[in-house]
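Below, each chain spelled out in residue letters.
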Amino acid sequence: MAEEVRGSIEVDDRGSVLVARINGGPLGLFGNDVAEALDELVERADHDPKVQAVVFTGTHPNRFVSHAEVRWLQEGGAAVPPVGTRGASALAHTARGVNKAGGFKAALGKSPLWPAVQLERVHQMFLKMNRSGVVFVAALNGSALGLGAEFSWANDLRVMADGDYVIGQPEVLLGIMPGGGGTQRLTRLVGTHRSLVAILEGKPFTSQEALSIGAVDDVVPQDQVLERAISLAEHFGTRPKESRAAIKRSVYFGGSMELSDGLHLERAEFLTTALSKLGQELMLDYMANTEVAGELPLYVPGVYDAVLSTGTTRGAGVPNKTGSEG
Amino acid sequence: MAEEVRGSIEVDDRGSVLVARINGGPLGLFGNDVAEALDELVERADHDPKVQAVVFTGTHPNRFVSHAEVRWLQEGGAAVPPVGTRGASALAHTARGVNKAGGFKAALGKSPLWPAVQLERVHQMFLKMNRSGVVFVAALNGSALGLGAEFSWANDLRVMADGDYVIGQPEVLLGIMPGGGGTQRLTRLVGTHRSLVAILEGKPFTSQEALSIGAVDDVVPQDQVLERAISLAEHFGTRPKESRAAIKRSVYFGGSMELSDGLHLERAEFLTTALSKLGQELMLDYMANTEVAGELPLYVPGVYDAVLSTGTTRGAGVPNKTGSEG
Amino acid sequence: MAEEVRGSIEVDDRGSVLVARINGGPLGLFGNDVAEALDELVERADHDPKVQAVVFTGTHPNRFVSHAEVRWLQEGGAAVPPVGTRGASALAHTARGVNKAGGFKAALGKSPLWPAVQLERVHQMFLKMNRSGVVFVAALNGSALGLGAEFSWANDLRVMADGDYVIGQPEVLLGIMPGGGGTQRLTRLVGTHRSLVAILEGKPFTSQEALSIGAVDDVVPQDQVLERAISLAEHFGTRPKESRAAIKRSVYFGGSMELSDGLHLERAEFLTTALSKLGQELMLDYMANTEVAGELPLYVPGVYDAVLSTGTTRGAGVPNKTGSEG
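Each protein sequence line maps, in turn, to chains A, X and W.
Mapping of the first sequence onto this note's numbering: position 189 corresponds to residue 189, and the numbering continues sequentially without gaps.
Mapping of the second sequence onto this note's numbering: position 27 corresponds to residue 27, and the numbering continues sequentially without gaps.
Mapping of the third sequence onto this note's numbering: position 246 corresponds to residue 246, and the numbering continues sequentially without gaps.
What the hints contain is simulated information worked out from the structure, not anything from laboratory work.
These figures come from a predicted structure and were not determined experimentally.
Please note: incorrect hints may appear among the correct ones.
Here are the simulated lysine-lysine pairs, DSSO-like style, with alpha carbons at most 27 angstroms apart [as the list claims (entries may be wrong)]:
| # | chain 1 | residue 1 | chain 2 | residue 2 |
| --- | --- | --- | --- | --- |
| 1 | X | LYS277 | W | LYS128 |
| 2 | W | LYS241 | W | LYS128 |
| 3 | A | LYS203 | A | LYS277 |
| 4 | A | LYS50 | A | LYS277 |
| 5 | X | LYS241 | X | LYS277 |
| 6 | A | LYS241 | A | LYS277 |
| 7 | X | LYS50 | X | LYS203 |
| 8 | W | LYS128 | W | LYS277 |
| 9 | X | LYS203 | W | LYS203 |
| 10 | W | LYS203 | A | LYS277 |
| 11 | A | LYS50 | A | LYS128 |
| 12 | W | LYS128 | X | LYS203 |
| 13 | X | LYS277 | X | LYS128 |
| 14 | W | LYS50 | X | LYS203 |
| 15 | W | LYS241 | W | LYS277 |
| 16 | X | LYS203 | A | LYS203 |
| 17 | W | LYS50 | W | LYS128 |
| 18 | A | LYS203 | X | LYS241 |
| 19 | W | LYS50 | A | LYS128 |
| 20 | A | LYS241 | X | LYS50 |
| 21 | X | LYS128 | X | LYS241 |
| 22 | A | LYS50 | A | LYS203 |
| 23 | X | LYS128 | A | LYS203 |
| 24 | A | LYS241 | A | LYS50 |
| 25 | W | LYS203 | A | LYS50 |
| 26 | W | LYS128 | A | LYS241 |
| 27 | W | LYS50 | W | LYS241 |
| 28 | X | LYS241 | X | LYS50 |
The shape of chain A in the complex, shown without the other chains:
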């Protein structure tokens, strides 16, 4: 049975960075097992203060994630009578309630609600990635279609293998549409029109196309993808985790709100960081260093570059102070 998958995730703990290898079986599929393992990992990384970043890659030699396990999508659907959008919206709402109440392994069995509940759970996991201070980096060792692409869009950064690989949303060609956030996150990533055309046509982007429109952040030879992704994870991982969380929430959620609402969200997030222990400490340190240097540390020649490398302004601009100029 080509579609039978026992998906799993192998985690390589490197301290501040976790490298997670997604094993979707010989066909590289994203099914319920992968979803459950991912959810557990995201939860752990979010709560563990030692974990700054997670790099995802695929165990398949030429694919990151092929696409969703189609049986997963189809089987549940077969048990449910066709419904209009209004019915589907109600189903989605109910699924959200069930999910909140019971968690993943609620005893729903193969009830008609099951597929909607599982879909809701995947959405909640991707949203958790967006709200978290963890930096998520997709190391696209190969192609990613459908849910594989949607999982990539839910990451914060994407590095993709150069060559004959593609990333995108083919769902329209199967008479369905993206259901794991593709119409929303790709739209916010590359703009309304590019997203619309790509999803309507079902045509994926090559690595180079994805790079040119900003759908991925870097394209490197396949054997350097993981290394490059880890290096980005480490770099962004030096910034304070709580600041990153507040910034991610402000940009991902506030950035999609009406301007005044987004500004209100930003103000709340800002006040939290400004009143935090670390924020207070670093601001006092910056002020003290300004006194000593007689200049704002970020404007002392060479200091900003050094700070970008260490990740905070601690000791910046004052020669011989810990953590400053490299």
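Fit chains X and W to the given chain A structure using the hints.
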């Protein structure tokens, strides 16, 4: 009387694609007659399952649509005392109610509400285009200003004639502003800042500028515009209409919502397509073909390209099965 | 004391354009004095019908605004116990109420609410800039970090000095995050992903990078920045102020709403301008000129260019009529 227009639309029925020629009189204007004819055509195309796409072009030798019939905008206004934005918002609300209740030819005559009602009706028609599974393609045989540009932005794809033609929003130069969606759809098409600057200045884009910023999808010699637009209409028209409708709604509407709300809309639209007869049929077919090929059809060399050409995965990846590799 | 600032703004009144020089002391900081002076100036420019545009520049030889006065952010925070995002949101709400009730100099002294109130005030001032018919142009004579960058994003146009200058959001490096609108306005200016990455990293854009992604509108040699900014201010300043205000509100606010809500806002703003005295006058004039010319004025060769230069269509397309072809 240069401004007296008897606008009409000539429809050439080519089966799955309708070619609609907009005749706005010798000056190529978009007035109430054109609005009524357009509304009828959009309604028909949306409901007729045979119609997959509509291509719009202009009968004027060098213009798609010159701009709105200015008398149309001005006359109603003259009957109404100047109002502040709050009053105008109330007027717009009332107009929406009147429009829902009575349809186009409600016996309002030239009441002070008339212009607001007609404006509301044009907005509802453009929104209907955005919600519909029909692919709308603007074949810009020449320039399009004001309401002509706004009508273009309401289409899904735009092909424009190369040469000395322009598309954009000159309204500020007449002491007014775009009122047919220009500030909203151009903003979502080319980004907030580019849209702001263009509309504040009143300066239109040349064909090449429009292409370079993504405001149009292709620029070809004038005598190839229609042919190119029809070819795009046919290509996108091979995708399942219900999937296209769900995708368009998710991207146009969900894509402009706060992220979590947009995701909820997507989930509802996705469930509808996943539970549909065609979705179920194509997913079962894809699974069966995976069994036969021992590989996911979209990853069998050459198959994805063939599927992009036929429009669905039916029979894909299995030699000698109907509809697969071309 | 390097951080002690007596900030001020020197205004050079050139009739329709005000040139405002921001003096943030020897270190070029944006503190409470600058905020109060700015608020007063924005209010005045918004209400004075003679003022069409304001150009801001910095008195520091190589900086527009260095960044916020850090003590301003830190001191208030020190008086308040750390709060979670929910508490901070409540604080932000309360601050809004206080601000509405009392204005800037309410007798709050150094109460724990003070920093939230001042932050709220800065936000309201930037929002006032976005709602106003005044064209605000940032003449970036040098670098702008943090609140300096955020103030720049709140302008309508930005001209930046070529050379070794930077603009951006370093806050994450101090354990805080942008709090003056950076996560919202930069996101809407350059797109979600570019904004996210820049703010997460804390890395600013060079002049040339800012230009290439549209974060600034022009880059010229430092000694031509002010001249270029004034020239843009004069050009956009020829358009009718009420039209500009309506357009700015529609694009900045409507453009960030769900599509149908944005369209509703546009309709209300449009009806206000269409029913205004100036709108009616210019539309009647345009119709009369169409009669005389036997052609739509904007389509008479050479006329559109002339209109773009004068700022309205008054007399356009009719030889020897006031205000037409230059």
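| query | What are the numbers of the hints the structure violates, in ascending order? | reply | 1, 3, 7, 9, 16, 19, 20, 22 and 26
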